[in-house]
Amino acid sequence: MMASHQVTMEKTSARKESSVWQGVEQGPEDPILGVTVAFNKDNHPDKVNLGVGAYRTEEGKPLVLDVVRRAEAAIVADRSVNKEYLPIIGLASFCKLSAQLILGADCPAIVEKRTTTVQCLSGTGSLRVGAEFIGKHYHQTIIYIPDPTWGNHNKIFPLGGVSVRKYRYYDPATRGLDFQGMMEDLHSAPSGAVVLLHACAHNPTGVDPTPEQWEQIRRLIRSKKQLPFFDSAYQGFASGSLDRDAAPVRSFAGDGGEMLIAQSYAKNLGLYGERVGALTFVCGSPDVAKRVESQLKLVIRPMYSNPPGHGARIVEAVLSDKQLFQDWTVELKGMADRIITMRHKLFDALKQKGTPGRWSHIVKQIGMFTFTGLNKDQVVFMTKEYHIYMTADGRISMAGLNSKNVHHLAEAIHAAVTRRS
Amino acid sequence: MAFSATAQRAALAQGFATSIPSADQPSKASFAAFSGFRPVALKKAALDLHSAKPARVSMQAVATKASAFESITQAPPDPILGVSEAFKADTSSDKLNLGVGAYRTEDIKPYVLDVVKKAEKLMLENGENKEYLPIEGLADFNKATVALLLGSDNKAVKDGRVATIQSLSGTGSLRLGAAFLARFYPGRTVFLSNPTWGNHKNIFADAGVEWKEYRYFNPATIGLDFEGMMADIEAAPNGSVIVLHGCAHNPTGIDPTPEQWSKIADLIEKKNHLPFFDVAYQGFASGSLDEDAASVRLFVERGFELLVAQSYSKNLGLYAERIGALNAVLPTADLATKVKSQLKRLARALYSNPPVHGARIVAYVVGNNDIFDEWKQEMAGMAGRIQAVRATLVEELKKRDTKGRDWSFITSQIGMFSFTGLKPAQVENMTKKWHVYMTKDGRISLAGLNKARAGYLADAMIDSFDNF
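Those protein sequence lines, which keep their order, are chains A and B.
If you're matching positions, the first sequence starts at 3 in my numbering and goes up one per residue.
If you're matching positions, the second sequence starts at 647 in my numbering and goes up one per residue.
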């Protein structure tokens, strides 16, 4: 008895030391979300988080929209609402309303029943499901993404089975769009390739094509039979108008061609943590749309079975109730306007200080972010000396600024730009 | 050891991206055609779909346009979730939904637990915000979930050897684990019980992990084929991954005894296999959270490194909120840190960070002693109702059975499901003639039955067994 007990003991302790995961290395923190991790560790009273694109009020506090609170209170009190599994493709009414929101209810593709919309986990989830679908079913498993783009694009597509190539986008010299470079690269991209387009408020640059440029982009993509995949994470946030921000998407949807659209409600409805979004396919025919939908279920079921209900119900309530929808547009404009105000405040502060360099891009760029043009060393300096938290590519989230901290940021930028390296 | 999942996944994607416009060519996605991971390099279509025909200018109001997805075939409905869809479409007043494992009250109504309602009210009153959670999820939830699973004083947890990531219920936790295996434990085979929850196969396949089966169900005894199970686990190459149902095996309802669990652990240790527990019914099987976690705790106590997927869909009735966790128990805290960091990267590319609502509900329930006690009572109530319904069904079957068959398997099976032994033709009769909806493998969800309908179900079962 003793002997066998001893043998067991040895086996147990021998087991403890070895591991099948011995070779696993420490992965780096996510370049964007890791900024918040670092920010949280900092105890300095003047610290500012300009990392992740989450809206903050003038008081520097997270915001739950009033329409969301009202919708949520009603949902929680509603005895007819239960927690049964949603269908694999999500809440049907949510899907319908989401398609209408981005495409417009009178979009010919919707009228002709050539679309299918599936509820997914915010923008990321919509992109991943779309990527997996492309990887599985599309004849060209290559996607062209703008340079630069949201960092997570580079991770999502390859893991979904789609290889990534870049097209020129940002011109550091002008701090604007490298339109010629973009057109050249899309032109030399293979026929049928997938092309990722930021619907509005390009992340990280804040540089969007003009309507005229969008028209040229559309014609080129259609002539090359390329498949546009729109990432729409800021509808309503860019200009303050839901319809205006959807214009590029709608021009593509209106020309009869096919496309994919990933929508997120993280920013415009402040539903970040609820993970609610939608993936829409605009297809050549209703029959194709039906078959695509059936195949999307096969992608989703082994990933997470069906999407979370709470956020979708909130969105459904806001989009389907006239008063809530109207009130939402007002809150949305309020958020967009506050960001535009901060852009001007930062620009004015830098001008006042006489900070060397051109800073007009701060007020020209659109949406939540400003691509400052600061380099990695300058960013490191600003974090170390001024406790400014931002991504290494020089992107700052304007939503994290307010009247109290904008001068601290201006000081930090000034110091970074004028210091002798 | 740098392993390029990117290359493999891309290669996989290439291999399966057959868009050949032929009706004979089975799409990878077809359920019927797909029976496992086959790393066969299929030839990609050289055909450029768009050059097949010049674009027509259509004069019709609804134009039939050329589509890049023209060759996509209609996928069949999900074998489990599709049952509910078919049930909804049925207009018969006799219809009975015994398909998906979602709890129903004695009135056959969906059930939102009182503790869940309490938690949601509190969350509103406290004005909780909707900020992004960290990639690994809500810290309070992660603490609570691992304490529930392993016990609040668990040494592995105290030593920092457990990495926990909040995930999208059971499915999401399994998928995250599978993706991790594909990248960091490549070339290994995952062994699934035969039978198992259907979605297991697709989860591992879609993550690029090969699966095989080990014997589990013995139709002759309607019990566990323990010898077969042990033989197959023994025959598996050393270091294979073995998926084990922590309790209330789905679909059979047959669990190993404690003695059998011990022997399984011995064998897995000997073969250096990696256990991957699927715990979807903790608290639901016996009514006791601790009792239902015994198998997992045994393995952890014995020093195994292992993976555990948890779900709160059933035991907290949070089906729609997609709340669960993937736990990795490692030999050292250092490894746990590293594994967690890698799991985060995989999660970031799937959905960035998990949904907050369900996690908060769990944290509130577990974090408040009174509410926690109430939960335990509600859970015991749910498990109790199912046990009572099992007993009633057996009585009703005995009343009607002219052949003196042994129906005791229904009361000895554990959890939400009963594996009836009904064959596909018999199942079809159950649905067509009797409007009883169940999965083709003969599984019925007792959660969808009540005493009042037990007689009807017994009629249907006897008829199907006898006449088909």
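Calculated from the structure, these hints are not laboratory results.
By construction, the Cβ of each residue, glycine as well, lies at the ideal position given by its N, Cα and C atoms.
Watch out, some of these pointers could steer you wrong.
Claimed, not checked - Have a look at the derived ranges for each label pair, beta carbon to beta carbon:
| id | chain 1 | residue 1 | chain 2 | residue 2 | range |
| --- | --- | --- | --- | --- | --- |
| 1 | A | 61 | B | 768 | 16 to 26 Å |
| 2 | B | 1113 | A | 256 | 51 to 61 Å |
| 3 | A | 20 | B | 734 | 43 to 53 Å |
Hints versus structure:
Checked against the hint of 16 to 26 Å, the pair residue 61 (chain A) and residue 768 (chain B) passes, with Cβ atoms roughly 25 Å apart. Residue 1113 (chain B) and residue 256 (chain A) have their C-beta atoms about 59 Å apart, which keeps the hinted 51 to 61 Å range intact. For residue 20 (chain A) and residue 734 (chain B), the Cβ-Cβ distance of about 52 Å falls inside the hinted range of 43 to 53 Å, so the restraint holds.
The structure agrees with every numbered hint stated previously.
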